[in-house]
Every structure is written in structure tokens, then in C-alpha cells.
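Peer 1: Kindly produce the complete structure, drawing on both the sequences and the hints.
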Amino acid sequence: MLSKKVILIGNFGVGKTSLTERFVHKRFSDEYLTTLGVRIDKKEVVVAHTKINLVIWDIAGEVTQKKVNKSYYLGASGVIYVFDLTRPVTYASITAEISYVKETLPQAKVVLVGNKLDLVEEAPTVEAPFHYHLTSAKTGESVEAVFQDLATKLI
Amino acid sequence: MSDDLNDKFSKVDVFFEMFEEMLERQNKYVRRLIEKELEELKQTFSDQHPLREVVVPAIDERIVKIKAELNDVSGDTIVKAIRKQIKESQSDMIDALFPIIGKLIKKYISVEMERLSENINRQIDNTFSFASIKREFLSLFGIKEKDQLLKQAAAPTIEEVYVIYQDSGLLLGQYTLTDITDHDLIAGMLTAIKSFVKDTFQQEGETGDLDTIEYGTFKIILTNFHRYYLVVVVSGVVDLHFKENVLEHMRTFGEQHLAELSSEALQNKDFSSNLKDHWQHFKNVDPLTKRANEFTSHVKQKSNFDWKFWRW
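Residue numbers (my numbering), protein chains in the order written: chain A, 1 to 155; chain B, 156 to 467.
Derived from the structure by calculation, the hints contain no laboratory data.
A hint or two may mislead.
[Said to hold, decoys possible] Only some residues are given here: those of chain A computed to face chain B with a beta carbon under 7 Å:
| hint | residue |
| --- | --- |
| 1 | S3 |
| 2 | K5 |
| 3 | L36 |
| 4 | I40 |
| 5 | K42 |
| 6 | V55 |
| 7 | N69 |
| 8 | L74 |
| 9 | G75 |
[Claimed, not checked] In silico lysine-lysine, DSS-like type, Cα no more than 27 Å apart, as pairs:
| hint | chain 1 | residue 1 | chain 2 | residue 2 |
| --- | --- | --- | --- | --- |
| 10 | B | K424 | A | K109 |
| 11 | B | K424 | A | K153 |
| 12 | A | K43 | B | K424 |
| 13 | A | K51 | B | K424 |
| 14 | A | K138 | A | K153 |
| 15 | A | K51 | B | K431 |
| 16 | A | K70 | A | K153 |
| 17 | B | K353 | A | K102 |
| 18 | A | K42 | B | K353 |
| 19 | A | K138 | A | K42 |
| 20 | A | K70 | A | K102 |
| 21 | A | K109 | A | K70 |
| 22 | A | K42 | B | K424 |
All C-beta atoms in this analysis are idealised placements derived from N, C-alpha and C, irrespective of residue type, glycine included.
Peer 2: Below, the structure is given as C-alpha cells:
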């Protein structure tokens with residue numbers, strides 16, 4: 001079966017871990033995030049009759065991606081960049097952050113996610129470099145679609 | 156003179172009578188006041204409502220005050236007091252806990268001794284085997300038979316072997332004798348731990364790496380080979396000699412299966428069957444046998460002596 005490494009990145013408190021927990025059955029404790037700065041989960045996804053094993057690296061949030069341990073980026077085929085719809089500071093410099101990700105991982109497919117949709121009456125307009133998904137890890141809205149979209153891009 | 160004196164005495168008598176009457180009146184007045192006071196007090200205590208109004212708020216006030224005082228005393232103070240008490244009466248604590256903890260320790264030791272005993276018995280059952288003859292032979296060189304038996308009882312076992320791609324931490328193959336947990340996650344976490352340790356402890360100009368992780372009776376031996384991590388999980392007592400054997404076996408696997416592949420070919424390759432073929436025949440050759448083999452091959456190379464003929 002095809003295995004792909006996917007990294008989940010973004011500012012702290014945007015809901016990356018909640019998104020992963022919504023999508024996969026949690027195996028390792030959250031303590032790994034605070035000690036190692038990463039927690040790993042996996043989920044099998046089927047795209048066009050092809051099974052893909054997504055090994056998801058949930059990386060601890062930082063104000064800027066430049067602070068993230070670069071070795072955690074290595075070998076990633078997919079990137080899910082998460083921001084918080086209720087906190088403009090988490091998407092204020094999104095274009096620069098995505099440029100940095102693209103420089104570090106030129107071959108990787110990137111998916112943007114605006115999370116915490118359940119907390120806003122109307123989703124704010126975010127100046128993002130490309131289309132972004134609107135999700136709610138709390139209600140589960142569109143969470144599956146994000147990973148499905150990324151898996152489609154990976155094959 | 157006597158009449159005059161009598162007259163004076165009679166006047167004094169009148170005076171005394173008047174004084175007595177005055178005292179009597181005063182006495183009556185004070186008595187009336189006391190009776191009135193008593194009557195009022197009696198009235199106060201006989202009427203419950205006014206009493207409650209006075210007493211209940213006073214009690215409430217006192218309760219609030221006591222609570223506040225207790226809060227000041229609770230928390231750290233109580234914990235400190237308990238700690239102090241425990242410290243001061245350690246021997247009493249030990250006396251109280253020993254029957255419980257002692258039983259647990261005793262149980263643990265007995266279970267472990269049973270296992271050891273079973274292993275040794277199994278070894279003794281093979282008394283007339285080749286192994287026993289070998290033990291006796293080794294005992295001639297000062298290696299005690301019981302030491303050999305104990306060593307064999309705690310012999311290390313290969314539990315898992317992984318090939319992991321360094322960059323992504325993705326598992327490229329596994330050989331497993333157990334079914335402990337998800338191998339993909341283990342491969343990822345081991346890669347993350349390796350990176351974490353390297354980033355945290357590596358100093359300038361240093362090229363060190365995490366090569367062993369110990370957990371309980373398990374030892375995880377990690378080695379780098381080109382763009383891979385080779386990981387072997389071993390249970391039992393791992394001595395330096397065994398570790399060297401494992402590392403040598405890892406190296407030969409790398410040379411045979413990993414050296415020539417390009418990065419792209421790697422991503423889609425599954426090394427599980429290669430790992431199985433390579434590791435299921437792994438034998439921990441003890442140092443004496445290894446030295447003897449080396450010596451024999453050395454002599455073979457140096458001489459033309461017909462060893463086959465010699466055996467006959």
C-alpha cells in the first residue's frame with residue numbers, strides 16, 4: 001500500500017490536534033506534542049479505488065513556521081496548513097508562511113484550512129494564496145473532505 | 156439636769172426612728188428596681204423572637220470567622236503538617252505498609268524466580284545434549300557451567316526489525332515476531348525521537364547520533380545506512396558481543412539490499428520479505444566459537460593441509 005507523510009502545521013491553538021482527532025483514532029498521548037513537538041497518527045484513505053496510508057505528523061504550533069524543527073518537514077508529501085477563523089493573527093501572514101513551506105518542500109501538495117467555523121456567524125474573508133477549506137473540528141464539518149482532497153492531490 | 160438629758164435622749168431616739176424609716180424607704184425603692192430589672196430580663200428570655208434576633212446573627216458571625224480561620228490553616232499548612240507527621244513517624248509507616256508492599260515484592264520475585272527456574276530446568280533436561288558437552292568443555296577454561304546456564308536462560312531474542320526511510324520516517328519493511336502495535340507509528344515516532352535528540356544535544360562539529368534506546372527488558376538498536384535507519388528490537392540480556400553481531404548483520408543487510416537503490420525506487424519498495432530471509436537465520440555466535448572459526452579459516456588459507464583427510 002502507498003504510504004505518504006502528511007504534516008499538519010499552523011499557529012498554536014488553531015485546532016490542528018482536534019482536526020487530527022476528528023479524522024483518526026488517536027493512538028499517542030498529547031504529551032508527545034509538548035515534549036517532542038510532534039505526535040504521529042495514521043489513517044487509510046481510499047481515492048479512486050487506491051488505498052493510501054496517510055502518516056500524519058501533527059506538529060506543535062509556533063507563531064511562525066520558521067521556528068518549527070526542519071527535520072519534521074523532511075520527506076513530507078502533503079501539508080495541511082491550519083488557521084483559526086476567530087483569530088486574524090493566525091492568518092495575517094499566511095502568504096509569507098505558505099511561501100516558506102513551498103521553499104522548504106517544493107514537491108509537496110498544500111491544503112489550506114480555516115478552522116473553528118462553529119464559532120463565527122459568518123466566515124471572514126482571508127487573503128490566502130489559494131482556495132481554503134472551512135472546517136469545524138468540533139462539529140466535524142468538512143474535516144473528512146480536507147484529508148480526502150489532500151489524498152486526491154497526492155496520487 | 157436629768158430631765159434635760161432625758162429630753163436630749165428622746166430627740167436622738169426620734170432621729171434614729173426617722174433614719175430607720177428613711178433606710179426602710181430606700182430599701183423598698185432598691186427592691187422595686189431589682190424586681191423591675193428581673194421582670195424585664197424574664198420578659199426578654201421568655202420571648203423567643205427577640206432572642207433569636209440577637210443570638211442567630213452572633214452564631215453566623217462566629218461560623219464565618221471559624222471558616223475563614225480554617226481556610227488560612229488548610230491547603231499547604233495541612234499538607235505540611237501531614238508530611239511532617241509522616242517524616243517523624245517513618246518507622247510506624249513502614250510497619251503499616253510492609254505487609255502490603257512486602258507481599259507485592261515477594262510475589263514479583265517468586266514469579267521471576269519461577270521463570271528462571273523453568274529455563275534452567277529446560278537446560279538441565281538437555282544434560283546429555285551437545286550443548287551440555289560444550290558447557291563442560293568451556294568449564295575447562297574456567298567458565299562456570301551455572302554461569303553459562305544463566306546466560307542461556309536470559310538469552311537475547313530478536314523481536315522486531317524495521318527499515319525506515321530517514322527523510323520521511325516512513326516504514327519500508329518489517330520483520331516481526333510479535334504484534335505489539337502499529338509499526339508505521341513506531342517508525343514515525345522513532346524517526347521523530349532521533350531528530351529530536353540530534354537537534355537537542357548535537358554540538359558544533361559533533362556527529363553523534365542516538366544508537367540505542369532501552370525500555371524495561373527491551374533494547375532498541377538503531378543504525379544509519381545511507382538514507383535509511385535500520386532498527387532492531389531485542390528482548391533479554393544484550394551484551395556487547397550480541398550487539399556487535401546484530402550491527403554486523405544489519406550492515407550486511409544494508410549492503411545486500413539497500414546500497415544500490417535510488418531515492419525514488421525506495422519510496423515504493425517493500426523490504427519485508429528481504430528482512431525475513433535475512434533475519435530468520437540470525438545466530439548469535441559466541442566469542443569462543445567465532446574465534447575458533449576465524450582461526451580455522453586463517454589456517455586453511457595459510458596451509459595446504461587437507462582438513463577433510465585430517466578429520467578421518
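Peer 1: Have a go at the L74 of chain A hint: is there a Cβ in chain B nearer than 7 Å to its own Cβ?
Peer 2: holds (4 Å)
Peer 1: Is the hinted pair K51 of chain A and K431 of chain B satisfied, with a Cα-Cα distance of at most 27 Å?
Peer 2: Cα-Cα ~25 Å, so holds.
Peer 1: Is the Cα-Cα distance between K43 of chain A and K424 of chain B 27 Å or less?
Peer 2: Roughly 20 Å separates the two Cα atoms, so the pair holds.
Peer 1: Please work out if K70 of chain A and K153 of chain A have their alpha carbons no farther apart than 27 Å.
Peer 2: holds (23 Å)
Peer 1: Quick one, is the S3 of chain A hint okay against chain B at 7 Å, beta carbons?
Peer 2: It holds, given that the least Cβ distance between S3 of chain A and chain B is near 5 Å, below 7 Å.
Peer 1: Taking the closest Cβ pair, is G75 of chain A under 7 Å from chain B?
Peer 2: OK, holds: G75 of chain A within 7 Å of chain B, min 3 Å.
Peer 1: Take the C-alpha atoms of K70 of chain A and K102 of chain A, compute the straight-line distance between them, and say whether it is at most 27 Å.
Peer 2: Status holds; Cα separation ~13 Å.
Peer 1: Going by Cβ atoms only, is K42 of chain A closer than 7 Å to chain B?
Peer 2: holds (5 Å)
Peer 1: Holds or violated: the hint that N69 of chain A contacts chain B, with Cβ atoms closer than 7 Å.
Peer 2: holds (6 Å)
Peer 1: Does the alpha-carbon distance linking K138 of chain A and K153 of chain A stay inside the 27 Å limit?
Peer 2: Status holds; Cα separation ~25 Å.
Peer 1: Run the distance test for K109 of chain A versus K70 of chain A: straight-line Cα separation, threshold 27 Å.
Peer 2: Holds, at about 17 Å.
Peer 1: Is the hinted pair K51 of chain A and K424 of chain B satisfied, with a Cα-Cα distance of at most 27 Å?
Peer 2: holds (16 Å)
In this structure, none of the earlier numbered hints is contradicted; all agree with it.
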